[in-house]
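> Line by line, the protein sequences give chains A and B.
Following this note's numbering, the numbering of the first sequence begins with 1 at its first residue and continues without gaps.
Following this note's numbering, the numbering of the second sequence begins with 1 at its first residue and continues without gaps.
Don't read these hints as lab results, they were simulated from the structure.
Ideal Cβ positions, reconstructed from N, Cα and C, are used throughout, including at glycine.
Treat the hints with care, as some may be off.
Covered, in the sense of this in silico footprint (three residues per stretch, anywhere, with C-beta under 8 Å from a C-beta of chain B), are these stretches of chain A [as the list claims (entries may be wrong)]:
no., segment
1, 27-40
2, 125-138
3, 284-297
4, 339-346
5, 477-487
There are 2 protein chains.
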Amino acid sequence: MPSRVLVFTWLVFLFGHYGWAIWPIPRSLLTGTSPVKLSPDFVINLQGLSNPPADLASAISRTQSRLHSDSLERLVLGRGSGDAQAVEGAHLLSSLTASLQHGSPVRSIAEETTLAFDDKSESYELFIPDDRAVATLVANSTLGLLRGLTTFEQLWYDYKGTKYTLEAPIQIHDEPAFPHRGFSFDTSRNFFPVADIHRTLDAMSWVKLSILYWHIIDSQSFPLEVGAFPELSQKGAYSPEEIYTREDVNNIVAYANERGIDVIMELDTPGHTTAISAAHPEHIACAAKSPWSKYASEPPAGQLRIASPSTLSFARTLFSSVASALPGTMMSSGGDEVNLPCWEEDEETMADLVQRNITIADALNEFVQTVQGVIKEHGKTPFIKSDMVLTHKVPVVNDTVVVVWQTSEDAAAVANISLRFIHQPSNYFYLDCGAGEWLGNDILGNSWCDPFKTWQRAYSFDPYANLTTDQYALVLGGQMPLWSEQSSAENLDPIVWPRLAAGAEVFWTGSTLPDGSPRLGMNATSGTNALARLHELRYRLVDRGVKAIALQPKWCVLRPGECDLDA
Amino acid sequence: MPSRVLVFTWLVFLFGHYGWAIWPIPRSLLTGTSPVKLSPDFVINLQGLSNPPADLASAISRTQSRLHSDSLERLVLGRGSGDAQAVEGAHLLSSLTASLQHGSPVRSIAEETTLAFDDKSESYELFIPDDRAVATLVANSTLGLLRGLTTFEQLWYDYKGTKYTLEAPIQIHDEPAFPHRGFSFDTSRNFFPVADIHRTLDAMSWVKLSILYWHIIDSQSFPLEVGAFPELSQKGAYSPEEIYTREDVNNIVAYANERGIDVIMELDTPGHTTAISAAHPEHIACAAKSPWSKYASEPPAGQLRIASPSTLSFARTLFSSVASALPGTMMSSGGDEVNLPCWEEDEETMADLVQRNITIADALNEFVQTVQGVIKEHGKTPFIKSDMVLTHKVPVVNDTVVVVWQTSEDAAAVANISLRFIHQPSNYFYLDCGAGEWLGNDILGNSWCDPFKTWQRAYSFDPYANLTTDQYALVLGGQMPLWSEQSSAENLDPIVWPRLAAGAEVFWTGSTLPDGSPRLGMNATSGTNALARLHELRYRLVDRGVKAIALQPKWCVLRPGECDLDA
Chain A
1 MPSRVLVFTW LVFLFGHYGW AIWPIPRSLL TGTSPVKLSP DFVINLQGLS
51 NPPADLASAI SRTQSRLHSD SLERLVLGRG SGDAQAVEGA HLLSSLTASL
101 QHGSPVRSIA EETTLAFDDK SESYELFIPD DRAVATLVAN STLGLLRGLT
151 TFEQLWYDYK GTKYTLEAPI QIHDEPAFPH RGFSFDTSRN FFPVADIHRT
201 LDAMSWVKLS ILYWHIIDSQ SFPLEVGAFP ELSQKGAYSP EEIYTREDVN
251 NIVAYANERG IDVIMELDTP GHTTAISAAH PEHIACAAKS PWSKYASEPP
301 AGQLRIASPS TLSFARTLFS SVASALPGTM MSSGGDEVNL PCWEEDEETM
351 ADLVQRNITI ADALNEFVQT VQGVIKEHGK TPFIKSDMVL THKVPVVNDT
401 VVVVWQTSED AAAVANISLR FIHQPSNYFY LDCGAGEWLG NDILGNSWCD
451 PFKTWQRAYS FDPYANLTTD QYALVLGGQM PLWSEQSSAE NLDPIVWPRL
501 AAGAEVFWTG STLPDGSPRL GMNATSGTNA LARLHELRYR LVDRGVKAIA
551 LQPKWCVLRP GECDLDA
Chain B
1 MPSRVLVFTW LVFLFGHYGW AIWPIPRSLL TGTSPVKLSP DFVINLQGLS
51 NPPADLASAI SRTQSRLHSD SLERLVLGRG SGDAQAVEGA HLLSSLTASL
101 QHGSPVRSIA EETTLAFDDK SESYELFIPD DRAVATLVAN STLGLLRGLT
151 TFEQLWYDYK GTKYTLEAPI QIHDEPAFPH RGFSFDTSRN FFPVADIHRT
201 LDAMSWVKLS ILYWHIIDSQ SFPLEVGAFP ELSQKGAYSP EEIYTREDVN
251 NIVAYANERG IDVIMELDTP GHTTAISAAH PEHIACAAKS PWSKYASEPP
301 AGQLRIASPS TLSFARTLFS SVASALPGTM MSSGGDEVNL PCWEEDEETM
351 ADLVQRNITI ADALNEFVQT VQGVIKEHGK TPFIKSDMVL THKVPVVNDT
401 VVVVWQTSED AAAVANISLR FIHQPSNYFY LDCGAGEWLG NDILGNSWCD
451 PFKTWQRAYS FDPYANLTTD QYALVLGGQM PLWSEQSSAE NLDPIVWPRL
501 AAGAEVFWTG STLPDGSPRL GMNATSGTNA LARLHELRYR LVDRGVKAIA
551 LQPKWCVLRP GECDLDA
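Pulled out of the complex, with its shape left as it was, chain A reads as follows (with noise of 0.2 Å):
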């Protein structure tokens, strides 16, 4: 490490606003005082690998495109005029020279995003010298280097074409806190044309996101093109045009894998399910049966009749198909919210449990295990919905991963049975909350998990509170979700961006922030720290494309701090 690297950020913030743009921070980051600036002829350069995998070409042209076509000035007074002069005097880097460690395997950024977390490196060292044509990319993976080159996209400034940073040199070594990172995405409320998807993963990967968990189906649509019951898309999807076919779901995972983004996806079951019903409507109960409300948590009512011999193998044969398909070591079956009127009141359910001599509780298991099985036959590892393994006790096997959802506070309760879990909280992370009733005539109702989430909540979220430290090990991470029963294409972008970068920075930098101190919390030159990258990192997005909402009037982009509380 040179010895000009003198300033510890976390201390330069303290004393004044840099424009680091870098969102997630890394968990190791020095930076010194030096302006360099991108030589016109800049490239990146693969070192020690005579045959590179694709994707990881792919990654390195989408970088140099994205050096060049990024027009962000920094977010100061008089923005990019004020630098002028140190960017005309700046040192000139002519590449970045990118390379695996010695010994590394060469395996494609997509097979490296779809091993198991324990297998799995994002890990990655990037230096930018102020004396040195040449900065250095090292990683033991593809996938590191992906995550490095997102990390050196967000270095640069542009005043009048010239790409610069003020704050050379930069010495960052840099790995996730949590091998979970995600977006939760749920295309069956209202759907969403793959295009949409698309512009949401390459966000994703911005923020070095690994997950995207995908609520495909549910009660009100069945947009999944299944090979074993093509009828279920055919007969419960919105429309023929609002269908994922085979080959747009093996395009978004092949698009998400080469990004570094494994897909979870979800089959919620054995409620949430009423979509079954349009093709085979023998396997649900209380399909779309009023009053919904006794039956359901929201319109339509409809659940797997869980009981039935040819409903199970009907499961059985659905997550079969599903699960063959997709690359990937990890499924969910969903499991939250069953209804158990839904169940008492269907006749075929109560004349299966009597012949076959069993209670619910016991179709339940039976049905989880069952799909839970399947899921295991294809080496993949289960995730469940907390309710399912806190509310009805279902047995589940060692290695399934809980998505925790219904509070923060059930976190440590899932910790206390020693499963491995995930934090979706709704106190915390629904993206969807607080934009009102949507059921029709609720006048004056309000979202069920009010009030809305901002960016600061979700941030200030402790994946190990009320934790032992011996449970520290059962955190993989989190994710945070849109649930789209008022969300479509059209606000996808501003309902999404740039909240789930909080979640992304949670995850991705952990706890605390790299010097020890809280990440938010009551401190206010942290959380200034925070919104004024924050303000950097949707500013970017929106150059880019996305359409990220304003955090605030850019008066006060430009003057951080000067919008605090109590400024």
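Use these hints to put chain B onto chain A, whose structure you have.
Relative to chain A, chain B alone:
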């Protein structure tokens, strides 16, 4: 009226979902049950006007174009396919004949739009026969014809390129309950490009809104090019690209006026003026003074020096320069949220007060009467914010219109001092509420006007609440505002639409539905009907390129009533 017009629409609504996509609902609407489709060579003919105003010809041309390009299928299960047979055998409509009533003056739409409320007519009569080839539209103004064309466009569904209705004959007599039906648009906290304002004006015209209340400047930026003081925008705008030049303003006003929308520009004074200090620091007290919370309702602090003769002269010239460049008969001097400590601690202001031997209250009265006097000198009616007359008891001239904003409760207080007013209550109409606190370091804060104002909330507003019948005439209408601290072009459409349409119907259709029943309230059927019509409007907006949010899952949209609270 033909005898086959049998069914009063409101009764139809009681028995099933009919696909009326008319929003706002006309004051009188009779419908039949016959299918009618537009001939492939359908034309709109203007009768009795050999040399029609250019903006009327353009409006007809836009309607023709939208009749062709609109592709909204009926929002029912199966969409248009269920109507195929009816469409096949439908009666063919070859033309719409539009004409002015005998003796009506022939003026451009823009001229009609900018008339004083008392001189303005927006009424029209529209008849779609089921047994003849020609529909008729009659009005006594070109503005009325525009309103009728707007309704005509909403009557038609698309099925494979054929445009049809199932409910001919259709007889409509329509006119607004209130002349002022507005959108208040803040373009200072964040800037909005002209193209976004154009698109917003288009959508406003489609729901017959009549007023763009343009809150163009504020403390954060001064994007308005002022003839007398070009330095205000040169130094006070966020950037040279974020200025509304005089050409832009003329363009926006003309674009609005041709679409039936008058523009009321608000120069919010004497508070909310910090941005003036960039060019004229001598006129601003407590500019960006810390802590802002002591001197202003939000950062940055700053108010005009109301006691300074030089500042009074500046304000007079500012208002005169802006007023003289604008058509229309209304303009606002704002006046909300003035802060006394800002002046009390300002040396210059205190010196002026002492020298002139007046109080702050005297100076405030003088300031308001000065700027309102300039507005009146230019033949315009002055608007003012309600706290200026209720809190500060500033005497205003009789024809002043008060913008009631703090709470709906204030309307009665304004009525009690016999001033005319418009409704803009924060507890019903603020589009920005509920998005969380935007101040830095307020981690768990929510917006001051939480919760989110749903369309239902806005729609449930009663313009006559708490008024005596002889005060009804004081109500000119109302408007829904977007304050843009957390908004920009990126989320403009989804935060505004379709919620703004709720206000449009409240003030077009009035305090009750045409049959006298409450517009909303706990009446399940009318609530559902409004939602069904609002879905249709929302889908039509999206079809026309306005990114309006989804109000419900599409499953609910296609099944009116099934997602009601107690369905």
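> Each hint should be assessed against the structure and marked as holding or not.
Taking the hints in turn, this is what the structure says about them:
{"no.": "1", "hint": "27-40", "result": "violated (count 0)"}
{"no.": "2", "hint": "125-138", "result": "violated (count 0)"}
{"no.": "3", "hint": "284-297", "result": "holds (count 5)"}
{"no.": "4", "hint": "339-346", "result": "violated (count 0)"}
{"no.": "5", "hint": "477-487", "result": "holds (count 4)"}
Hints 1, 2, 4 from the list above are not met by this structure, while the remaining hints are.
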